[in-house]
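There are 2 protein chains.
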Amino acid sequence: MIVCVCVCVCVCVCVQGPALEKAVSAFRCVCGEDGVSLGEAVRQQHGRDESVHRCCPPDVVVFPRCVEEVSALAKICHRYDLPIIPFGTGTGLEGGVSALNGGVCFSLRNMDQVLDLHQEDFDVTVEPGVTRKALNAHLRHTGLWFPVDPGADASLCGMAATSASGTNAVRYGTMRENVLNLEVVLADGTVVHTAGKGRRPRKTSAGYNLTNLFVGSEGTLGIITKTTLRLYGIPEATVSAVCSFPSVQAAVDSTVQVLQAGVPIARIEFLDDVMIDACNRYNSLSYPVTPTLFLEFHGTESSLDEQISTTEEISGANGGSDFQWARDAETRERLWKARHDAWYAALALRPGCPLVGHVGDGNFHCLTVLDPSDSDEVQRVHLFTERLARRALAMDGTCTGEHGVGLGKRALLCEEMGPMTMEVMRSLKHTLDPKNLMNPGKIL
Amino acid sequence: MIVCVCVCVCVCVCVQGPALEKAVSAFRCVCGEDGVSLGEAVRQQHGRDESVHRCCPPDVVVFPRCVEEVSALAKICHRYDLPIIPFGTGTGLEGGVSALNGGVCFSLRNMDQVLDLHQEDFDVTVEPGVTRKALNAHLRHTGLWFPVDPGADASLCGMAATSASGTNAVRYGTMRENVLNLEVVLADGTVVHTAGKGRRPRKTSAGYNLTNLFVGSEGTLGIITKTTLRLYGIPEATVSAVCSFPSVQAAVDSTVQVLQAGVPIARIEFLDDVMIDACNRYNSLSYPVTPTLFLEFHGTESSLDEQISTTEEISGANGGSDFQWARDAETRERLWKARHDAWYAALALRPGCPLVGHVGDGNFHCLTVLDPSDSDEVQRVHLFTERLARRALAMDGTCTGEHGVGLGKRALLCEEMGPMTMEVMRSLKHTLDPKNLMNPGKIL
Numbered sequence: 001m002i003v004c005v006c007v008c009v010c011v012c013v014c015v016q017g018p019a020l021e022k023a024v025s026a027f028r029c030v031c032g033e034d035g036v037s038l039g040e041a042v043r044q045q046h047g048r049d050e051s052v053h054r055c056c057p058p059d060v061v062v063f064p065r066c067v068e069e070v071s072a073l074a075k076i077c078h079r080y081d082l083p084i085i086p087f088g089t090g091t092g093l094e095g096g097v098s099a100l101n102g103g104v105c106f107s108l109r110n111m112d113q114v115l116d117l118h119q120e121d122f123d124v125t126v127e128p129g130v131t132r133k134a135l136n137a138h139l140r141h142t143g144l145w146f147p148v149d150p151g152a153d154a155s156l157c158g159m160a161a162t163s164a165s166g167t168n169a170v171r172y173g174t175m176r177e178n179v180l181n182l183e184v185v186l187a188d189g190t191v192v193h194t195a196g197k198g199r200r201p202r203k204t205s206a207g208y209n210l211t212n213l214f215v216g217s218e219g220t221l222g223i224i225t226k227t228t229l230r231l232y233g234i235p236e237a238t239v240s241a242v243c244s245f246p247s248v249q250a251a252v253d254s255t256v257q258v259l260q261a262g263v264p265i266a267r268i269e270f271l272d273d274v275m276i277d278a279c280n281r282y283n284s285l286s287y288p289v290t291p292t293l294f295l296e297f298h299g300t301e302s303s304l305d306e307q308i309s310t311t312e313e314i315s316g317a318n319g320g321s322d323f324q325w326a327r328d329a330e331t332r333e334r335l336w337k338a339r340h341d342a343w344y345a346a347l348a349l350r351p352g353c354p355l356v357g358h359v360g361d362g363n364f365h366c367l368t369v370l371d372p373s374d375s376d377e378v379q380r381v382h383l384f385t386e387r388l389a390r391r392a393l394a395m396d397g398t399c400t401g402e403h404g405v406g407l408g409k410r411a412l413l414c415e416e417m418g419p420m421t422m423e424v425m426r427s428l429k430h431t432l433d434p435k436n437l438m439n440p441g442k443i444l
Numbered sequence: 001m002i003v004c005v006c007v008c009v010c011v012c013v014c015v016q017g018p019a020l021e022k023a024v025s026a027f028r029c030v031c032g033e034d035g036v037s038l039g040e041a042v043r044q045q046h047g048r049d050e051s052v053h054r055c056c057p058p059d060v061v062v063f064p065r066c067v068e069e070v071s072a073l074a075k076i077c078h079r080y081d082l083p084i085i086p087f088g089t090g091t092g093l094e095g096g097v098s099a100l101n102g103g104v105c106f107s108l109r110n111m112d113q114v115l116d117l118h119q120e121d122f123d124v125t126v127e128p129g130v131t132r133k134a135l136n137a138h139l140r141h142t143g144l145w146f147p148v149d150p151g152a153d154a155s156l157c158g159m160a161a162t163s164a165s166g167t168n169a170v171r172y173g174t175m176r177e178n179v180l181n182l183e184v185v186l187a188d189g190t191v192v193h194t195a196g197k198g199r200r201p202r203k204t205s206a207g208y209n210l211t212n213l214f215v216g217s218e219g220t221l222g223i224i225t226k227t228t229l230r231l232y233g234i235p236e237a238t239v240s241a242v243c244s245f246p247s248v249q250a251a252v253d254s255t256v257q258v259l260q261a262g263v264p265i266a267r268i269e270f271l272d273d274v275m276i277d278a279c280n281r282y283n284s285l286s287y288p289v290t291p292t293l294f295l296e297f298h299g300t301e302s303s304l305d306e307q308i309s310t311t312e313e314i315s316g317a318n319g320g321s322d323f324q325w326a327r328d329a330e331t332r333e334r335l336w337k338a339r340h341d342a343w344y345a346a347l348a349l350r351p352g353c354p355l356v357g358h359v360g361d362g363n364f365h366c367l368t369v370l371d372p373s374d375s376d377e378v379q380r381v382h383l384f385t386e387r388l389a390r391r392a393l394a395m396d397g398t399c400t401g402e403h404g405v406g407l408g409k410r411a412l413l414c415e416e417m418g419p420m421t422m423e424v425m426r427s428l429k430h431t432l433d434p435k436n437l438m439n440p441g442k443i444l
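In order, the protein sequences belong to chains H and A.
Going by UniProt numbering, 46 is the number at position 46 of the first sequence; the sequence numbering is gapless.
Going by UniProt numbering, 121 is the number at position 121 of the second sequence; the sequence numbering is gapless.
Keep in mind the hints are simulated off the structure, nothing from the lab.
Nothing here was measured: the structure is a model prediction, and the numbers come from that model.
One should not assume that every hint holds.
To be verified - The calculated label-pair distances, taken between Cβ atoms and stated as ranges, are:
1) Val248/H to Ser309/A: 38 to 44 Å
2) Leu383/A to Ser25/H: 53 to 59 Å
3) Gly233/H to Ile234/A: 50 to 56 Å
4) Asp376/A to Asn436/H: 51 to 57 Å
5) Ala237/A to Thr142/H: 31 to 37 Å
As the list claims (entries may be wrong) - Only some residues are given here: those of chain H computed to face chain A with a beta carbon under 8 Å:
6) Ser165
7) Ala169
8) Thr174
9) Asp188
10) Thr190
11) Thr194
12) Arg200
13) Ala206
14) Tyr208
15) Leu213
16) Gly233
17) Thr238
18) Thr400
19) Gly404
20) Val405
Virtual Cβ for every residue (Gly too), placed ideally from N, Cα, C.
Make a model of the complete structure from these sequences and hints.
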């Protein structure tokens, strides 16, 4: 279960002083005048993401152009004990780019090459400036695509760093299942390849799975400078659907039964009545204001017919009604727009608290909309989101299915994992980053 | 690419002495007289797996009955600096259970409970004595199954420890994708739960992915005492097939095209002409002696028709012929028997060197049959397997797709990963096991 809005008070500390000045001179030697910015606006822009976490700007932002520059910059930070905060697109939702202790933001947008596309082997390697939409545009004429879709047009290396997933995960898995190799610059500037340089095995049992140690490490173990990804064939046909249900339980029962029936559904998204109401208002739509499933099927024409009829039968038996189907791309897009705009629809909704869920993975977003200047309300929301997360933990679940830990979930992570498991995580962090320079204050 | 037989010279060292005597007394206090064995036969039996690696028996074998006993035994080993070698079913192929430095074998066969089956959530937790066949027998009446199938009836916790996969991986993934949580006893006896105690989230981004750090760690980081697994619905229908091809290239091209066409094939296995010949002889069969694919399709009746017709069309276009189909369980079993017996068929084949591959994952076993008492032959095979693995590395691949590193692949692992990545692995090992007691001499 995921709680999108979570409140956390943090104190921003800047590094400043002569160490920073010397470091900045050294940064300029590495990536030129244009590659180093001390400007207030640039720093502010790199100190926040799309969450409610307060902006903590870094002391300086650097714009390396290649892994060698990233490594050289990291070495300088290591020498002067400056924190390093990697920055992709700033679309995170847990405050992961906040420069709590000041330090140096590594903006990786200038490293934006799609490298080593192997069509026959279904894999590709990308630099951190490449977003998922940019990759899919690049792949347009190959018949291949990368399906992991967290909603935002995030950097793929950032998605690896935060273990992103999204609506397609029920069919295609999350970043955990789709990253084959990573190039990572460690805190001391060492460059490592988690599966060996240039390797891209679909399957391997060669030593410790370092790839999945860095996937989801949120910049606290190193800076991801290349990601090798699995690709998939674009499905021959796609059909989307919306179905209304008399109750939350009916929608959930349908989901479980569709999965049990082995329907290889590509997306199955739940919206509660409050969310549907907000989406209707935001997009001038007229869906029945009742618990609703948004669905998508990928496959061949005839396999879709079967998937659809099974799903219709199960949904009907659970009281599902008002089925709407969309086969062509334009109608599908219009249909899904309501779901995709859920975040913005929720922002327009106040007071209220809608629920939207990747229900095929048992993973929900509860969106609370608050006025951050009202400290009473902030406190109430904070208590509510903590109760909600603890409810998930009491059901053997997790406090964060998708957005990572960042700032907002650190206390809950300790409850989820227990002291011994946290100690193992801390010891791994200390081994790879003994000076605690990599994105300090996040996760742990 | 996988090389099954690999030769490695090792020197067995026993611990002996007063430390061992004291430890054995302490072991008996923990798990009773029956739970501790010093007998020669028992030790020999626990010092080897199914590979050609020489048997290095442990000094003593203990048979704990619960995680508390495992922890207590590990604490004793830690106090007396005794190596710990976890033992499941001994079906490994890289010498992973060899007690190179003597020490204490932890046989986990008495911990054989299937725990916490959640049918609606498609998950189950098992102790290390539960094998994959035992689990599937237990699940018989639930409509669910666990599909990862390395051939041997291995312990599921052992399969997690070695990151096992097998014929179904192209559809269902390997252990990496199917383990949700692990209970692990560390070298000092600490018990940790990689995803938090009792948790079983289908999807999580809560902190470092410790689960996948321990999956594939081959007992070198801790002893796995519980594994929580994803389950799948048993497919409505299954169809198996065999098809002959005029060349290796034609069989490989068919495979790539079937995957590109998005056929959700459950198994696609390649056997070269030497292997088919051996299988024919071993099982008195009469398959054409030519490169061959064994296939399996899972789904609904009508989706199977479509999968089959697409596959037939693609195979035909690549010169595939002599299609044989099997729909009922008995005929399917007869058809697959040839493939399942490949290992034993190969043992009966000498001289010769057949190839059998999980071609959907780009992963091959090359089986060489040798006389271990002929040192010249051993040396020749050793040089051959090294060349073969280096050929895989030169193609961006891995030296070990499935069987882990164990003893046989340590040198090649260094070539595959490079010095920096190996250094990271070593530092993680040192952090979790500073005394190097956990299965020493394996992987690193």
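Item to check | Numbers of the earlier hints that this structure fails to satisfy, in rising order | outcome: The structure breaks hints 3, 9 and 17; every other hint is satisfied.
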